[in-house]
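Q: Taken in sequence, the protein lines are chains A and B.
Number 95 in the working numbering belongs to position 84 of the first sequence; there are no gaps in the numbering.
Number 10 in the working numbering belongs to position 3 of the second sequence; there are no gaps in the numbering.
These are computed hints drawn from the structure, not numbers from a lab.
Some clues are possibly wrong.
Unchecked claim - Beta-carbon label-pair distances, calculated as ranges: (1) G23/B - Y72/A: 42 to 48 Å; (2) E94/B - P123/A: 19 to 25 Å; (3) P93/B - P90/A: 42 to 48 Å; (4) N41/A - H14/B: 33 to 39 Å; (5) P106/B - V106/A: 37 to 43 Å; (6) S91/A - N77/B: 35 to 41 Å; (7) K62/B - P123/A: 50 to 56 Å; (8) K69/A - G68/B: 36 to 42 Å.
Unchecked claim - In silico DSS-like pairs for lysine-lysine, Cα to Cα no more than 30 Å straight-line: (9) K60/A - K33/A; (10) K110/A - K73/B; (11) K33/A - K80/A; (12) K27/B - K110/A; (13) K60/A - K48/B; (14) K21/B - K71/B; (15) K71/B - K110/A; (16) K110/A - K48/B; (17) K62/B - K33/A; (18) K60/A - K110/A; (19) K21/B - K62/B; (20) K48/B - K27/B; (21) K71/B - K27/B; (22) K88/A - K33/A; (23) K60/A - K88/A; (24) K88/A - K110/A; (25) K88/A - K69/A; (26) K110/A - K62/B; (27) K21/B - K73/B; (28) K27/B - K62/B; (29) K110/A - K69/A; (30) K73/B - K27/B; (31) K48/B - K69/A; (32) K80/A - K110/A; (33) K69/A - K33/A; (34) K62/B - K73/B; (35) K88/A - K48/B.
Because the structure is a prediction, the values reported are computed rather than measured.
Don't be surprised by glycine CBs; every beta carbon is placed ideally from N, CA and C.
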Amino acid sequence: AQSVAQPEDQVNVAEGNPLTVKCTYSVSGNPYLFWYVQYPNRGLQFLLKYITGDNLVKGSYGFEAEFNKSQTSFHLKKPSALVSDSALYFCAVSVNTDKLIFGTGTRLQVFP
Amino acid sequence: GAVVSQHPSWVICKSGTSVKIECRSLDFQATTMFWYRQFPKQSLMLMATSNEGSKATYEQGVEKDKFLINHASLTLSTLTVTSAHPEDSSFYICSARDPSGGYNEQFFGPGTRLTVL
Chain A
12 AQSVAQPEDQ VNVAEGNPLT VKCTYSVSGN PYLFWYVQYP NRGLQFLLKY ITGDNLVKGS
72 YGFEAEFNKS QTSFHLKKPS ALVSDSALYF CAVSVNTDKL IFGTGTRLQV FP
Chain B
8 GAVVSQHPSW VICKSGTSVK IECRSLDFQA TTMFWYRQFP KQSLMLMATS NEGSKATYEQ
68 GVEKDKFLIN HASLTLSTLT VTSAHPEDSS FYICSARDPS GGYNEQFFGP GTRLTVL
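Next comes chain B alone, as it looks inside the complex (with noise of 0.2 Å):
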């Protein structure tokens, strides 16, 4: 089955520094990948959509100039948190669509921890 690989798996940083999360699809092509972010004890908040080759879309309330999207090529999409702060602490995940897979088929990367002390 299509898998989605991220790194780092959990990334400890100081507060004020930038943290970059990268997303791969490893045996297909995403034309699409999507950023999420999960609260503990909490659903999924969708916070782009990142499309190979343009710029991301983000969700409401989602600031774009602190969750920087860069879905450079169509295997990888990166997830910048610019200047993180405490409050930025959160489960990440990703997920790519294999358009291959069937209507809106999307597969999960294992998640990223990130603690800003």
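The following block holds chain A by itself, in its conformation from the complex (with noise of 0.2 Å):
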């Protein structure tokens, strides 16, 4: 079965730092690998998304994720973290279908 890990429940970080939020997945078959961005009480955001080519990705917001095959993961990352990141993350993957299975959702908080 198809399925997405985001280990982290919260990941608290400076303002102006790197962020990461950890995505791994496990598909049979080559994914599609999806992030979103939830505010308070709002549907989701489309951050970005791997298709094909590239491992590195670039979204929207300065975000960025790198898609590694050997290790099955999708992080998401910041090179300088601002306030107003602070947000629910949702990593998210298909195969072969519409169907979207998302992962549980990482909340970041970034700190002044």
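Make one complex out of these two single chains by using the hints.
A: Pasting the structure below:
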């Protein structure tokens, strides 16, 4: 069965420091990987996706993620965190279907 | 970019009544829409996949007679929670797939918070 794991419930980082939100996946076949962000009482906003090609994917708001096939990971990164980046982040995967399988989410807290 | 709206944004209803939630793709035609449910501090759970002009495909464990889905046009899907009970209280989020936006790129609505008293 396909699954996504976000091992950290919460990540705390000081403003200006780099941030990493971890995601690993388990699928049969080639994965399509996504990151979404959710602000309180809002829907999900698309950040970036990996379909094929360059393993380093750049997305919205300065975020990027690196696809690592050997480690089955797709960690989200940003060189310099902002307080406004504080939100709930979801990693998702799909394989050959329209369905997205979501991780449990990681709450990012950026402190001033 | 592609925009998906939901209406209402929040609704409070009495137990036993039915509630309809609308999901609209505003600037693109969506042949496929998805309905998710999100419990507090939890991830999104896919409830069903809605295809325009055909019956929805429900995920295992989701009662199709309780959660009625209608995808009558390329820009509108509705979810009706029938005979709602307090345990149906949740945050319901829809998404729509934009066929022109690359593989499986889904755009999400802002969500509807349902509270059943």
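Q: Hints first: check each against the structure and report whether it holds.
A: To see whether the hints hold, each was checked on the structure:
1. Checking the proposed 42 to 48 Å range against G23/B and Y72/A shows it holds: the Cβ atoms sit about 44 Å from each other.
2. Against the hinted window of 19 to 25 Å, the Cβ-Cβ separation of E94/B and P123/A comes to about 40 Å, which falls outside the hint.
3. Distance hint check for P93/B and P90/A: the Cβ-Cβ separation is about 46 Å, which falls inside the suggested range of 42 to 48 Å.
4. Checking the proposed 33 to 39 Å range against N41/A and H14/B shows it holds: the Cβ atoms sit about 37 Å from each other.
5. Against the hinted window of 37 to 43 Å, the Cβ-Cβ separation of P106/B and V106/A comes to about 19 Å, which falls outside the hint.
6. Distance hint for S91/A and N77/B: a CB-CB separation of about 46 Å, inconsistent with the stated range 35 to 41 Å.
7. Here the CB-CB span from K62/B to P123/A is close to 51 Å, well matched to the stated 50 to 56 Å.
8. The beta-carbon spacing between K69/A and G68/B, approximately 38 Å, falls within the hinted interval of 36 to 42 Å.
9. A threshold of 30 Å between alpha carbons decides the hint, and for K60/A with K33/A the separation of about 15 Å falls inside it, so the pair holds.
10. With a C-alpha separation of about 22 Å, the suggested pair K110/A and K73/B falls inside the 30 Å cut-off, and the hint holds.
11. A C-alpha spacing of about 14 Å is found between K33/A and K80/A, which places the hinted pair at or below 30 Å, so the restraint holds.
12. Between K27/B and K110/A the CA atoms are separated by roughly 23 Å; this keeps the pair inside 30 Å, and the hint holds.
13. The suggested pairing of K60/A with K48/B holds, with an alpha-carbon distance near 24 Å, which does not exceed 30 Å.
14. Only pairs whose Cα atoms come within 30 Å are accepted, and K21/B paired with K71/B is accepted, the gap being roughly 21 Å.
15. Between K71/B and K110/A the alpha-carbon distance is near 18 Å, which keeps this suggested pair within the 30 Å criterion.
16. Using a Cα cut-off of 30 Å, the hinted pair K110/A and K48/B holds, with the two alpha carbons roughly 21 Å apart.
17. A threshold of 30 Å between alpha carbons decides the hint, and for K62/B with K33/A the separation of about 37 Å lies outside it, so the pair is violated.
18. In summary, the hint linking K60/A to K110/A is supported, as the alpha carbons are separated by about 15 Å, within the 30 Å threshold.
19. The hinted pair formed by K21/B and K62/B meets the criterion: a straight-line CA distance of about 28 Å does not exceed 30 Å.
20. With a CA separation close to 24 Å, the supplied pair K48/B and K27/B stays within the 30 Å bound.
21. Taken as a hint, the K71/B and K27/B pair is honoured in the structure, with Cα atoms around 14 Å apart against an allowance of 30 Å.
22. Between K88/A and K33/A the CA atoms are separated by roughly 9 Å; this keeps the pair inside 30 Å, and the hint holds.
23. Using a Cα cut-off of 30 Å, the hinted pair K60/A and K88/A holds, with the two alpha carbons roughly 13 Å apart.
24. Of the supplied pair hints, the one linking K88/A and K110/A holds, its CA atoms being roughly 25 Å apart against a limit of 30 Å.
25. Simply put, K88/A and K69/A have alpha-carbon atoms about 10 Å apart, close enough for the 30 Å limit, and the pair holds.
26. Annotation: proposed proximity of K110/A to K62/B holds, straight-line Cα distance about 16 Å (limit 30 Å).
27. Annotation: proposed proximity of K21/B to K73/B holds, straight-line Cα distance about 16 Å (limit 30 Å).
28. For the hint pairing K27/B with K62/B, the CA-to-CA distance comes to about 17 Å; that is within 30 Å, so the pair holds.
29. Distance check on the hinted pair: K110/A and K69/A sit about 23 Å apart at the alpha-carbon level, within 30 Å; holds.
30. Under the criterion of a C-alpha separation no larger than 30 Å, the hint pairing K73/B with K27/B is consistent with the structure, at around 12 Å.
31. Restraint check for K48/B and K69/A: the C-alpha separation of about 27 Å stays at or below 30 Å, so the hint holds.
32. Taking the CA atoms of K80/A and K110/A, the gap is about 21 Å. The hint holds against a cut of 30 Å.
33. At roughly 16 Å between alpha-carbon atoms, K69/A and K33/A fall within 30 Å of each other, so this suggested pair holds.
34. Under the criterion of a C-alpha separation no larger than 30 Å, the hint pairing K62/B with K73/B is consistent with the structure, at around 15 Å.
35. Between K88/A and K48/B the CA atoms are separated by roughly 22 Å; this keeps the pair inside 30 Å, and the hint holds.
Against the hints set out earlier in the document, violations occur for numbers 2, 5, 6 and 17.
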